[in-house]
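Visitor: As given, the protein sequences belong to chains A and B, one line each in that order. Here the first sequence stands for residues 1 to 237, numbered as in this note's numbering. Here the second sequence stands for residues 1 to 599, numbered as in this note's numbering.
Don't read these hints as lab results, they were simulated from the structure. Please note that the accuracy of each hint is not assured.
Derived pair list, reagent style DMTMM-like, types lysine to aspartate or glutamate, alpha-carbon separation capped at 25 Å [stated by the list, open to error]:
hint, chain 1, residue 1, chain 2, residue 2
1, B, K107, B, E479
2, A, K208, A, D194
3, B, K22, B, E35
4, A, K162, B, E344
5, A, K42, B, D364
6, B, K528, A, E73
7, B, K22, B, E43
8, B, K107, B, E94
9, B, K346, A, D80
10, B, K346, A, D189
11, B, K109, B, E97
12, A, K162, A, E40
13, A, K162, B, D364
14, A, K195, A, D129
15, B, K528, A, D81
16, B, K346, B, D38
17, B, K22, A, E181
18, B, K101, B, D590
19, B, K555, B, D461
20, A, K42, B, E344
21, B, K346, A, D81
22, B, K211, B, E185
23, B, K596, A, D124
24, B, K528, A, D160
25, B, K528, A, D55
26, A, K162, B, E43
27, B, K528, A, E78
28, B, K109, A, D80
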Amino acid sequence: MSDSCFSLDGASIAFAAGQTILQAAMDAGHYIPHLCFHPELKPHGSCKVCSVRVDGNMMASCTTPARQGMKVESATTEVDDQRRAVVQMLFVEGNHFCPSCEQSGRCKLQATAYELQMTSPHFDHFFPDRAVDASHPDFLLDFNRCILCSLCVRASRDVDQKAVFGLAGRGIGTRLIVNSESGRLGDSDFAATDKAAQVCPVGAILRKRQGFNVPIGQRTYDVAPIRESDRGGPEKR
Amino acid sequence: MSTATGMQAARVNEIVARYQAKPASLLQILREVQECCDWISPESVGIVSRALQLPRLKIEAVATFYSFLYLQPRGRYRVLFSDNITDHMAGSRELLEQMCKRLWIEKGKVSEDGLVSVDTTSCTGMCDQGPGMLVNNIALAGLSAERVDAICDLITDQVPIAAWPSAFFAVEDNIRRRDILLKAEAVPGAALQAAFARGAEATLREILQSKLRGRGGAGFSAGTKWESCRNAQGDTRYVVCNADEGEPGTFKDRVLLHSHADAVIEGMTVCAYVIGARRGFLYLRGEYRYLLDALLAVLARRRGQRLLGEDIAGREGFDFDIEIHLGAGAYVCGEESALIESLEGKRGTPRNRPPYPVTHGYLDQPTVVNNVETFAACRLIAERGGEWYARHGTPESSGTKLLSVSGDCGRPGIYEFPFGVTVREVLNECGARNTQAVQISGPSGICLAPDEFSRRIAFEDIPTAGAFMIFDRRRDMFEVARNFVDFFKHESCGFCTPCRVGTSLLSNLMAKLHGGRGSPYDFAEIEKLNIYLQTLSHCGLGHSACNPVLHTIAKFRPAYASRLVHHEFVPAFDLDRALSTARQMTGRDDSGAHLKEDT
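Required output: the full structure, derived from the provided sequences and hints.
Guide: This is the structure we're talking about:
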């Protein structure tokens, strides 16, 4: 154990060399809201939900290296307000209809919205036109729910050594694409055993024929809020 | 396989072979495929993917990031009107409409015979001689109604672009004021000889002593950058010249590369000598594709003069050469870490920093990235000395600055002034009258009102990459800001949520105000979005995307107030406008085909 420490909302957090703020906080059992971070994958820093105030500036805690003596503010009204706005942006960018979504209760976007006390999407919806890819025998790819966190991209590339998924386009036109000549998941070498099949925080990559096998009300985030289930430790699904 | 496809495959294979199928050359390969085949077909993607041993997805991810690469056919003639506010002021939107009518096509769509498409693109850097246009990525300037008609004829007659009148492609330098940089005669090799005579370390000291700061806008000390790179751990060092001059309203690098290319290249070579680099890149924005052949000729000539290549200028063991990489329409690549990603053949997403390029740049090796003008100044310093250079300008901003002056003035063009010049002095010199506002350093810079015209161009007051856009009292500053907001939306890389979504939300709100549906609620929303962009974005693009609105709100509030026509919130959704598709399909536009307001 290293002697290095930083302050997170007044609490002293020990960190090892090379750790980022979020990694150290999670190891110490502290929850900082996040979506594009996964403890087993390389941090990316794109969703900005894990933003914290570090010595005055807002920084993505998943990619900002922990430094001795730094002062980090996370659980403040001002920081949570900004995080909520980012989550709201993700809601209006895609098509997220929680009541009819199979992932409801297991969805990190939904659970984080609850955590941040989001009561409406606030911004005008974009209602993008995104097709569903049902070509794979065991998985459904619903781009409507994709939040471009790139967890599947990193899992496929770094863990599965496959590059099944990637991000294409630019700006608001950024989209998830699949590596096959047809562009369809069924024609790719995606497999149910892939890490990429297990890391989607929302309902974009869904296993078929398992719909509602766990009743709503008994799911991960129905049982305990995300701040309980997601502070450190391996992901539960 | 048809003959056409077979021929195309042969060309693609030839391009791939020329780049030795290197993955780092992916963007260059795709750019050339686009150039010779008019688009990047699925077959071409397949060939490149197999040859470079990259997944298809990787090729598609890169190709779709850059505006000038197309995975769908966009016509044999691809016309893009420059969409900067200065182009608008010079009548570009009317000319675009004229062309679409003449060619019987809709903006953004390809003609049914697959011949031509007409669309807009971000500023092409011809603001002093607008409106500008790109046809198959070749620049045209000074468009007029007659010229547009002539271009329509050439397109419908299917005349190859190489056979179009050369006058159509004339681009003027318009240098209006010269100071130490533009007056200096660049004798090829003179600065290098001076550097050799001094030695690498002493040359570095001259650069440090000159207090030269980067001319790309951020103003980081050039000498410190060189020193950090020289001292960084690494196997290989690189010199990169940032000629991705994408900031709307800026065009001074175009002029330097056109008429002072030797100075720029010699500056890069001096840098290579100081830091110990053997390889350099000039990252030229895709909009300046028309400069490529001339620049390649300068490089070839300098190789002949032994000023590039091996044992440069007779100095044994000093080997250095430069490659030109072309961009393909992505403003964000002007950010140095995104530029390096792009040089490596990837999507131009800014990296997480630290580490910085001086220690982990191109291929993770120590790299100096400097602006075109910075390298030109380095050449001058190597020749004349740091102490001499520091005597010009102000204590914190040594030397001179090239300003790209455009907009409402009598003599738009390039003005070289010592740092410390006031905005008013520049306005007087270029013949501006009734000036309402000056936008300095482009959309990401600062907008000044007349009571600030005594402020100075200098890092201690108004830092700038060089853009100086003038708006007289006829102009609507709300529309200026709206143009800039749309620019940022178009150029956001899409990596982080606040910028990807926030720039679109901001653009939609500005459109709502423009469309007469604004209320104080929307104004408050705009102010809130600006804060999210500024504090949460991943890179400078997002941070500065709110600047145009923040500044114009602060200084030209009436332009906004007049748009807040409703006291209470009104939804952006407009039922009558939603029926426009139905009207278009039925060819109706009579009163019965419209809804009355408030029904």
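Visitor: It remains to establish, for every hint, whether it holds in the given structure.
Guide: Status of the hints after comparison with the structure:
With a C-alpha separation of about 21 Å, the suggested pair K107(B) and E479(B) falls inside the 25 Å cut-off, and the hint holds. Using a Cα cut-off of 25 Å, the hinted pair K208(A) and D194(A) holds, with the two alpha carbons roughly 15 Å apart. A C-alpha spacing of about 19 Å is found between K22(B) and E35(B), which places the hinted pair at or below 25 Å, so the restraint holds. For the hint linking K162(A) to E344(B), the alpha-carbon distance of about 21 Å falls within 25 Å, and the restraint holds.
For the hint pairing K42(A) with D364(B), the CA-to-CA distance comes to about 17 Å; that is within 25 Å, so the pair holds. At most 25 Å may separate the alpha-carbon atoms for a hinted pair to count; K528(B) and E73(A) meet this at roughly 21 Å. Distance check on the hinted pair: K22(B) and E43(B) sit about 19 Å apart at the alpha-carbon level, within 25 Å; holds. For the suggested pair K107(B) and E94(B), the alpha carbons sit about 12 Å apart, so the restraint of at most 25 Å is met.
Simply put, K346(B) and D80(A) have alpha-carbon atoms about 34 Å apart, too far for the 25 Å limit, and the pair is violated. Among the hinted pairs, K346(B) with D189(A) is consistent with the structure: their alpha-carbon atoms are about 23 Å apart, no more than 25 Å. Our distance criterion of 25 Å between C-alpha atoms is met by K109(B) and E97(B), whose separation comes to about 13 Å. For the suggested pair K162(A) and E40(A), the alpha carbons sit about 17 Å apart, so the restraint of at most 25 Å is met.
Distance check on the hinted pair: K162(A) and D364(B) sit about 24 Å apart at the alpha-carbon level, within 25 Å; holds. With a C-alpha separation of about 28 Å, the suggested pairing of K195(A) with D129(A) is violated against the 25 Å cut-off. Between K528(B) and D81(A), the direct Cα distance comes to roughly 11 Å. Compliance with the 25 Å bound is thereby established for this hinted pair. Pair hint K346(B) plus D38(B) holds up; C-alpha atoms about 21 Å apart against a cutoff of 25 Å.
Using a Cα cut-off of 25 Å, the hinted pair K22(B) and E181(A) holds, with the two alpha carbons roughly 22 Å apart. For the given pair, K101(B) sits about 22 Å from D590(B) by alpha-carbon distance, which is consistent with the 25 Å threshold. With a C-alpha separation of about 18 Å, the suggested pairing of K555(B) with D461(B) holds against the 25 Å cut-off. Among the hinted pairs, K42(A) with E344(B) is consistent with the structure: their alpha-carbon atoms are about 20 Å apart, no more than 25 Å.
Using a Cα cut-off of 25 Å, the hinted pair K346(B) and D81(A) is violated, with the two alpha carbons roughly 35 Å apart. With a C-alpha separation of about 22 Å, the suggested pairing of K211(B) with E185(B) holds against the 25 Å cut-off. A threshold of 25 Å between alpha carbons decides the hint, and for K596(B) with D124(A) the separation of about 24 Å falls inside it, so the pair holds. Pair hint K528(B) plus D160(A) does not hold up; C-alpha atoms about 41 Å apart against a cutoff of 25 Å.
With a C-alpha separation of about 22 Å, the suggested pairing of K528(B) with D55(A) holds against the 25 Å cut-off. Between K162(A) and E43(B) the CA atoms are separated by roughly 22 Å; this keeps the pair inside 25 Å, and the hint holds. Straight-line distance between C-alpha atoms of K528(B) and E78(A) comes to about 13 Å, which keeps the hinted pair within the 25 Å bound. Of the supplied pair hints, the one linking K109(B) and D80(A) is violated, its CA atoms being roughly 43 Å apart against a limit of 25 Å.
Violated hints, listed in ascending order, are 9, 14, 21, 24, 28; each of the other numbered hints is respected by the structure.
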